[in-house]
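Participant: As a plain string of letters, each chain reads:
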Amino acid sequence: MTPLHQLTIEEALARLKAHTFSAVDLAKACLERIKAVNPGINAVVEVDEAGALAQAEAADARIAKGTMGALEGIPCLIKDNIQAVGTKTTAASKMLAGYESTFDATVIAKLRAAGAVILGKTNMDEFAMGSSTETSAHGATHNPWDLTKIPGGTSGGSAAAMAASMALFTIGSDTGGSIRQPAAMCGTTGFKPTYGRVSRYGLLAMTSSFDQIGPFARTVGDAKRVLDVIQGQDSFDSTSVSENLYVKGAPASLKGLKIGIPKEYFTPGMDADVEKTVRTAIAKLEELGATTVEVSLPSTDYALAVYYVLMPCEVSANLARYDGQRFGYSAPAATLKESYLKTRAEGFGPEVRRRIILGTYALSSGYYDAYYLQAQKARTVMKQEFEAALSGVDCLLSPTSPTVAWNLGEKFDDPIAMYMADIYTVSANVVGVPAVSVPCGFVRGLPVGLQLIGRAFEDERVLTIAAGYQAATDWHLKSPAP
Amino acid sequence: MTITRENILHIAKLAHVGVDESEIEKLREKLSTVLAYVGKLSELDLSKVEPTAHVNGISNTMREDEVKACDKTVRDALLTAAPAREGDYVKVKAVFS
Numbered sequence: 001m002t003p004l005h006q007l008t009i010e011e012a013l014a015r016l017k018a019h020t021f022s023a024v025d026l027a028k029a030c031l032e033r034i035k036a037v038n039p040g041i042n043a044v045v046e047v048d049e050a051g052a053l054a055q056a057e058a059a060d061a062r063i064a065k066g067t068m069g070a071l072e073g074i075p076c077l078i079k080d081n082i083q084a085v086g087t088k089t090t091a092a093s094k095m096l097a098g099y100e101s102t103f104d105a106t107v108i109a110k111l112r113a114a115g116a117v118i119l120g121k122t123n124m125d126e127f128a129m130g131s132s133t134e135t136s137a138h139g140a141t142h143n144p145w146d147l148t149k150i151p152g153g154t155s156g157g158s159a160a161a162m163a164a165s166m167a168l169f170t171i172g173s174d175t176g177g178s179i180r181q182p183a184a185m186c187g188t189t190g191f192k193p194t195y196g197r198v199s200r201y202g203l204l205a206m207t208s209s210f211d212q213i214g215p216f217a218r219t220v221g222d223a224k225r226v227l228d229v230i231q232g233q234d235s236f237d238s239t240s241v242s243e244n245l246y247v248k249g250a251p252a253s254l255k256g257l258k259i260g261i262p263k264e265y266f267t268p269g270m271d272a273d274v275e276k277t278v279r280t281a282i283a284k285l286e287e288l289g290a291t292t293v294e295v296s297l298p299s300t301d302y303a304l305a306v307y308y309v310l311m312p313c314e315v316s317a318n319l320a321r322y323d324g325q326r327f328g329y330s331a332p333a334a335t336l337k338e339s340y341l342k343t344r345a346e347g348f349g350p351e352v353r354r355r356i357i358l359g360t361y362a363l364s365s366g367y368y369d370a371y372y373l374q375a376q377k378a379r380t381v382m383k384q385e386f387e388a389a390l391s392g393v394d395c396l397l398s399p400t401s402p403t404v405a406w407n408l409g410e411k412f413d414d415p416i417a418m419y420m421a422d423i424y425t426v427s428a429n430v431v432g433v434p435a436v437s438v439p440c441g442f443v444r445g446l447p448v449g450l451q452l453i454g455r456a457f458e459d460e461r462v463l464t465i466a467a468g469y470q471a472a473t474d475w476h477l478k479s480p481a482p
Numbered sequence: 001m002t003i004t005r006e007n008i009l010h011i012a013k014l015a016h017v018g019v020d021e022s023e024i025e026k027l028r029e030k031l032s033t034v035l036a037y038v039g040k041l042s043e044l045d046l047s048k049v050e051p052t053a054h055v056n057g058i059s060n061t062m063r064e065d066e067v068k069a070c071d072k073t074v075r076d077a078l079l080t081a082a083p084a085r086e087g088d089y090v091k092v093k094a095v096f097s
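Heads up: the sequence lines are chains C and L, in that order. My numbering puts the first sequence at residues 1 to 482. My numbering puts the second sequence at residues 1 to 97.
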């Protein structure tokens, strides 16, 4: 029998219902798995064992009564920038070291209501800034497929924990690719919903107009199950949208589907073997009955620049609250001003400070028009291009990342090289559309991810297309040793 | 567009982020590299384009201005989280000296 921690959510729910094992058994299996493999990976930064077992016992009581929620008894791990009572929320920063969560994020409240068992928190790049989970105050996370390599970022902990089967699903956040890129690096399935579909209340804000919470899971079907639980309009998040905007319906099969391949996405800088692997996946989709057509996204060359202007600007505003007065790290100081300066100099790591300064500069008088306003206009153009490209097809397809996982420490000092890792993922955040990364092969033993991008609010459609690919392949079922 | 040492010091002051003398040059170099990269947006003629602030076109999501009491447990947790506290007040240094 499959070890409990390697089951899909679907399989686990069926067996819990059939009393093959209990929710406590399942939670214990995941907790044991974390103890066994996390020391070498550092994906999990906090385990709430007592809390998890209490939740599992409550789940067992509901299972016995026959009132099972959509995720009853299913163990999960949460990225450490999401508030969950009973755990700390540190955003992997010294600024929030030891900060006890004060309330449940809406997503967490929904997961609990569905019966999910929260095991603890996962590692991330500090304040969700990075592409490798190397800027964490808890130390780097290692890729379970090769411990000398990065797991991707910023949800590297959630991706690595999923790949190493430490839980049956994990939760991350995606602002420029932070779910999809680590999903690709770690050979797991990761999904970023349409902007506004999932409440951001309780997610430590990084880039408010891009951030979305989303799932990592073993299969697209499992990811969809989690999405169904966490989505929904929330009065606490004024940017969350009514369910009336969700587009229902998905294709019955891949036959006759049209998939657009943006010609600008197969760039000279990408790894030739990654390109080959993705083209093999394209061939597979064609074999399954889809047709591919070349589309164009002329602004692709500017997408990263748009992202790296708008994001630091919003970051500079969102991180102003960390000032040592109401919560978090507070440096000893003689005056209030000195308290602000010292707290923020000492509490934030270098990348965070770099982006705050960059954002403040781009918003400052004299530079606002050239940078921020220009980027917002470019955002309009990008949105129009995506709508045009998506109008004649069912979804777009691209590699998730131009490379496979690189060595820990390799790109750390080169900001542009690091930023280039997000080149295929940032656009979906800039224009607000749903995008999923699914495993599609290996290059030199390291996972490769395939990205599918849908129209706004057609989350079901893009997930169904990805599920069609998974039904005919088994890349997503592969796990790293042990 | 290169960013100068003076720019860094001025911006850091605006952003209330202390910068140590030893890191100013490295910060200046890295930010100059990034600004040169993002500066290519100025190549685009976007004079006739409207800016996008919200990608799904929602604006002015309002609610009634009514006070909703805070859960006591949350309130206690928030006050406990304050670096300095006096009774039910968060204690801070004087704004004006």
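No lab work stands behind these hints, which were simulated from the structure alone. Keep in mind it's a predicted model, so treat the numbers as computed, not measured. Glycine residues also receive a C-beta, built at the ideal position from the N, C-alpha and C atoms. Among the hints, a few may not be true.
Stated by the list, open to error - Derived, one-sided and incomplete: chain L residues facing chain C with beta-carbon distance under 10 Å:
| hint | residue |
| --- | --- |
| 1 | H10 |
| 2 | H16 |
| 3 | T33 |
| 4 | K40 |
| 5 | S42 |
| 6 | L44 |
| 7 | T52 |
| 8 | M62 |
| 9 | V67 |
| 10 | T80 |
| 11 | A81 |
| 12 | P83 |
| 13 | G87 |
| 14 | V95 |
Participant: For every hint, state whether the structure bears it out.
Facilitator: Here is what the structure says about each hint:
no.: 1; hint: H10; result: holds, 8 Å
no.: 2; hint: H16; result: holds, 4 Å
no.: 3; hint: T33; result: holds, 6 Å
no.: 4; hint: K40; result: holds, 6 Å
no.: 5; hint: S42; result: holds, 6 Å
no.: 6; hint: L44; result: holds, 6 Å
no.: 7; hint: T52; result: holds, 4 Å
no.: 8; hint: M62; result: holds, 8 Å
no.: 9; hint: V67; result: violated, 15 Å
no.: 10; hint: T80; result: holds, 8 Å
no.: 11; hint: A81; result: holds, 4 Å
no.: 12; hint: P83; result: holds, 4 Å
no.: 13; hint: G87; result: violated, 15 Å
no.: 14; hint: V95; result: holds, 6 Å
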